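Enquirer: Sequence:
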Amino acid sequence: MIERAVREENLLEKAFVITNIAGASAGNAMEEVVAAPPDGYLLLHHHTSFISHKALGVRDWGHEEFTPIAMLFEVPQAAFALPGRWENLDEWIDYVRANPGETTFAGSSLGGGTHLMGEMLLEAAGIRDDLRYVAHGGGGPMTTAILAGEDLMGLTQLPTVLGDHLSGDFEILAVSSAERVSSLPDVPTFGELGYEIPLQTSHRMGVWGPPGMDPELVNQIAEFFGMVVNSDTFRELAAQNGLFVRFEDGEGLRRDFDRDEEIIMGLVEEFGLN
1 MIERAVREEN LLEKAFVITN IAGASAGNAM EEVVAAPPDG YLLLHHHTSF ISHKALGVRD
61 WGHEEFTPIA MLFEVPQAAF ALPGRWENLD EWIDYVRANP GETTFAGSSL GGGTHLMGEM
121 LLEAAGIRDD LRYVAHGGGG PMTTAILAGE DLMGLTQLPT VLGDHLSGDF EILAVSSAER
181 VSSLPDVPTF GELGYEIPLQ TSHRMGVWGP PGMDPELVNQ IAEFFGMVVN SDTFRELAAQ
241 NGLFVRFEDG EGLRRDFDRD EEIIMGLVEE FGLN
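Residue numbering for the sequence shown follows our numbering, beginning at 1 and increasing consecutively.
Note that these hints are calculated values from the structure, not bench results. None of these values were measured; they are calculated from a predicted model. Heads up, a few of these hints could be off.
As the list claims (entries may be wrong) - Pair ranges (Cβ atoms, derived):
hint, residue 1, residue 2, range
1, Arg59, Asn10, 35 to 41 Å
2, Arg235, Gly266, 32 to 38 Å
3, Glu13, Asp94, 56 to 62 Å
4, Asp232, Arg255, 24 to 30 Å
5, Phe271, Ala178, 18 to 24 Å
6, Glu192, Gln220, 39 to 45 Å
7, Asp214, Gly101, 54 to 60 Å
8, Arg235, Gly149, 35 to 41 Å
9, Asp186, Leu147, 21 to 27 Å
10, Gly149, Glu13, 49 to 55 Å
11, Glu216, Glu236, 42 to 48 Å
12, Gly168, Glu236, 19 to 25 Å
Backbone N, C-alpha and C fix where the C-beta goes; we use that ideal spot for every residue, glycine too.
Make the full structure from the sequences, and use the hints.
Expert: Structure (structure tokens):
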């Protein structure tokens with residue numbers, strides 16, 4: 001989305017390349033950027049799993065190691081199942097309560113934001129002790145498990161299953177955001193259903209640089225990303241994918257992550273996940 005907006009809106013004359021560095025739950029990308037020269041040529045596009053990974057022991061360092069540049073958008077989570085399997089999310093929760101220990105809840109991985117969001121939802125519904133969270137190691141295996149009936153409900157980032165929902169392969173029953181998603185006007189939020197969770201998004205998507213970047217350079221890069229996410233192309237794509245555009249400068253990004261870290265660390269201790 002970012003690359004397309006830059007290209008179609010002609011926002012940058014110089015080369016702009018996005019590279020997916022796979023491995024270690026984004027750990028490989030983090031290590032590459034944190035060791036890079038602070039010249040702005042190599043940046044990290046990452047989210048709140050910075051915090052949940054640290055809180056859950058995946059790694060012992062997080063966002064504080066990087067230079068915060070800009071907050072771009074937020075990604076809600078979606079609870080989904082096979083079409084027609086459940087009338088609504090409440091029906092599934094009632095089923096779990098009536099059949100403790102007999103069902104599972106699917107996720108893509110352990111230690112990330114989606115895992116923590118799942119724990120928050122299960123806690124809010126009062127069923128954390130009634131079922132087992134299953135991490136399938138990726139979005140593909142997770143959705144395959146739902147299709148095969150191995151798990152009766154799953155939770156993932158909304159863009160992962162939005163297309164499948166619209167095509168009828170899956171049914172999204174609720175989303176984590178504070179307000180309904182514009183492309184899913186009939187899908188309620190967790191809060192609307194009475195399940196209050198401390199964080200409405202587990203994935204605040206921000207841009208980070210290596211430590212020690214010059215503040216003037218940081219401001220220049222932040223202004224560029226502000227133009228990107230506020231462009232017509234990006235906003236249209238964000239709406240189509242169920243994302244909430246929310247631009248903040250580096251100070252705002254750091255402030256939000258510091259606040260989220262305090263909440264997440266407390267939840268991890270409360271849930272006994274550490």
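Enquirer: If you test the structure against every hint from before, which numbers come out violated?
Expert: The structure breaks only hint 11.
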